[in-house]
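2 protein chains.
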Amino acid sequence: MIRVGIYGYGNLGKGIECAIRQNADMELAAVFTRRDPSTVSILTPNVPVYASADAVAHKDEIDVLVICGGSATDLPVQTPELAKNFNVIDSFDTHANIPTHFANVDAAAKESGHTALISAGWDPGMFSLNRLYANCILPNGNDYTFWGKGVSQGHSDAIRRVKGVKNGKQYTIPVPEALDAVRAGQNPELTTRQKHTRECFVVAEEGADLAQIEHDIKTMPNYFADYDTTIHFITEEELIRDHSGIPHGGFVFRSGKTGWDNEDNVIIEYSLKLDSNPSFTASVIAAYARAVARLASEGVSGCKTVFDVAPSYLSPLSGEELRAHLL
Amino acid sequence: MIRVGIYGYGNLGKGIECAIRQNADMELAAVFTRRDPSTVSILTPNVPVYASADAVAHKDEIDVLVICGGSATDLPVQTPELAKNFNVIDSFDTHANIPTHFANVDAAAKESGHTALISAGWDPGMFSLNRLYANCILPNGNDYTFWGKGVSQGHSDAIRRVKGVKNGKQYTIPVPEALDAVRAGQNPELTTRQKHTRECFVVAEEGADLAQIEHDIKTMPNYFADYDTTIHFITEEELIRDHSGIPHGGFVFRSGKTGWDNEDNVIIEYSLKLDSNPSFTASVIAAYARAVARLASEGVSGCKTVFDVAPSYLSPLSGEELRAHLL
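Protein chains in written order, with the working numbering: chain A, 1 to 327; chain B, 1001 to 1327.
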């Protein structure tokens, strides 16, 4: 049994707990929280909840620690620090800062002799893997990544900061014509506006100026100004009833050429349709936690990413079973 | 530079030659043929063509030998035999016989200290990888694989053996309603007939009994009897004009559940749309040939499959470059 610890019990931490339940070779050993542990009740019976400050005292009870903090300020500190005492995995998703995060985690894990894996999930994660495989197979081609339809937490937060807005949710939606053009092998050059639209469901405060809210959202730099944005004003009840989920997904394409004179077209498409973004991210992390446990048992130390892990390490099945049933 | 040899110069061998041209770190070192080498002209200038019987004499000129024989009778003999003197890769695709082939190649490669990789391509190959990744991420779910629209060589051959048939081509086509049901998360149980249809373009001999041909094809056991089959009689000119290509492709789905009570649906879909089946298979093999060369340079011996190779081994880029640009 692989004994998994969860460090941080929000949406992602709960998702890890659910994923462990689906994997017969894993068990939840402990949850660590920054809150008062006595106030945190988890789904799994008979599993202790500890204060995160006490984590190191429990290091011998944990084979892999899943760190469920945020990428902005939590993980850059937590993952290198915890790699001093644990085999660790995180879902660090600030693409531009991955090299720095990797270097910090790698140094800590190598020094302590632990195995670490960063940036597991779907983007970075499964989408990255699909970009890599497709680029290696088709050196001559174009990459396209589309996100959605799904809830963007960052854009939903941005809406809620607008004056007169009580609550809101934002969906990122790929433009169907852009998907069709890529699928047809047209290799289009797409602007930001041509790739995605943004749809907002907004609960206004009583007496707020709706036209002003609409203007403030649509012209917000970085978040909305470069997109075609639609705004629907709804009631708080409607928001709770119809928009409480956290669905997401997306598409990764490689549109490439084969043949002596590049005469043959290839379209590789990978897509995800997820009712729950954090649950799926957690399911990917659980599979890679198995790989981390195996690498650690082989004495591998330092930081890895999904690029460095042979696919068979994600599976509880033997090489013989995999070749007989999945190859 | 990775010096690649091609053993067998048919459609797949030519595809390997084209793929090498797209990869700046690879060069074609030699082609080996069972035909009289003086009768074989290849596309790449200044590359020798040798008799396959003389291959071993050239072993020091080759880093990886790509074996392009057929799975029925060629590869079971060729791959273990050549693994005695070369690092080898093949596209062995008789799924049921993979365990035996693996064992034979593994024994030969381990004894000689070479690296071998079998069953590279798209199915087995990229489709297998997608089945494995998706199964590891979603232990709770159903797999669906659809093939096409594309030319089935085996079914085209079967048509041509029917009395009164001069020539013919068969397309395997996924049933759109079945794809839609899977995409919608309905987890349908599909019969053979519900998954694929078969479309045949047949050139009849002069004076042949068309009704009899149609009957003989549609009732042919294993090949057509379990499918809805459509037959079009066309002229030889039309066949050559409209059906000379070897397109193929297909879809791999995993329809699974996440969440504490399996309350959240996930659909993972991977698809390929290929103008040329052998060119794409060759492009996958070329990427894995790079991995074989690297594994060999690390002293790894024995037989591997796509399941055993970390994705980064397929790329000419460094770990730093991959993390910075593709993760």
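The hints are simulated quantities; they were obtained by calculation from the structure and are not laboratory data. None of these values were measured; they are calculated from a predicted model. Quick reminder that beta carbons are idealized off the backbone N, C-alpha and C, glycines included. A portion of the hints provided could be inaccurate.
Chain A regions said to be covered by chain B (calculated; three or more residues, Cβ under 8 Å) [claimed, not checked]:
hint, stretch
1, 56-63
2, 68-80
3, 155-169
4, 221-234
5, 296-307
Here are the simulated distance ranges between beta carbons [claimed, not checked]:
hint, chain 1, residue 1, chain 2, residue 2, range
6, B, S1244, A, D157, 53 to 63 Å
7, B, Q1194, A, W260, 31 to 41 Å
8, B, S1244, A, N262, 31 to 41 Å
9, B, P1099, A, P316, 14 to 24 Å
10, B, Q1194, A, N187, 12 to 22 Å
11, A, H325, B, K1084, 46 to 56 Å
12, B, G1299, A, R183, 38 to 48 Å
Below, simulated BS3-like cross-link-like pairs (lysine-lysine); rule was C-alpha separation at most 30 Å, straight line [what the hints assert, rightly or not]:
hint, chain 1, residue 1, chain 2, residue 2
13, B, K1166, A, K149
14, B, K1218, B, K1163
15, B, K1163, B, K1149
16, B, K1110, B, K1166
17, A, K149, B, K1163
18, B, K1218, B, K1195
19, A, K84, A, K166
20, A, K84, A, K110
21, B, K1218, A, K195
How the hints compare with the structure:
Counting residues of the stretch 56-63 of chain A whose C-beta lies closer than 8 Å to any C-beta of chain B gives 0; at least three are required, and the coverage claim is violated. Counting residues of the stretch 68-80 of chain A whose CB falls under 8 Å from any CB of chain B gives 0; the rule of at least 3 is not met. Counting residues of the stretch 155-169 of chain A whose CB lies closer than 8 Å to any CB of chain B gives 0, which falls below the minimum of 3, so the coverage claim is violated. Evaluation of the coverage hint for the stretch 221-234 of chain A: breached, as 0 residues show C-beta separations to chain B shorter than 8 Å, against a requirement of three.
With 3 residues bearing a CB less than 8 Å from a CB of chain B, the stretch 296-307 of chain A meets the requirement of three and the coverage assertion stands. For the pair S1244(B) and D157(A), the beta carbons lie near 56 Å from each other, so the given range of 53 to 63 Å is met. For Q1194(B) paired with W260(A), a C-beta distance near 39 Å keeps the hint of 31 to 41 Å intact. Between S1244(B) and N262(A), the C-beta spacing of about 18 Å breaks the proposed range 31 to 41 Å.
Between P1099(B) and P316(A) the Cβ separation comes to about 19 Å, which falls inside the hinted range of 14 to 24 Å. Against the hinted window of 12 to 22 Å, the Cβ-Cβ separation of Q1194(B) and N187(A) comes to about 35 Å, which falls outside the hint. Our hint of 46 to 56 Å for H325(A) and K1084(B) is violated, since their Cβ atoms are close to 30 Å apart. Taking 38 to 48 Å as the suggested C-beta distance range, the pair G1299(B) and R183(A) conforms, at roughly 44 Å.
Restraint check for K1166(B) and K149(A): the C-alpha separation of about 51 Å exceeds 30 Å, so the hint is violated. Simply put, K1218(B) and K1163(B) have alpha-carbon atoms about 13 Å apart, close enough for the 30 Å limit, and the pair holds. Distance check on the hinted pair: K1163(B) and K1149(B) sit about 26 Å apart at the alpha-carbon level, within 30 Å; holds. Using a Cα cut-off of 30 Å, the hinted pair K1110(B) and K1166(B) is violated, with the two alpha carbons roughly 48 Å apart.
Simply put, K149(A) and K1163(B) have alpha-carbon atoms about 53 Å apart, too far for the 30 Å limit, and the pair is violated. Between K1218(B) and K1195(B), the direct Cα distance comes to roughly 17 Å. Compliance with the 30 Å bound is thereby established for this hinted pair. Restraint check: the Cα-Cα separation between K84(A) and K166(A) comes to about 43 Å, which exceeds 30 Å; the hinted pair is violated. Only pairs whose Cα atoms come within 30 Å are accepted, and K84(A) paired with K110(A) is accepted, the gap being roughly 9 Å.
Restraint check for K1218(B) and K195(A): the C-alpha separation of about 46 Å exceeds 30 Å, so the hint is violated.
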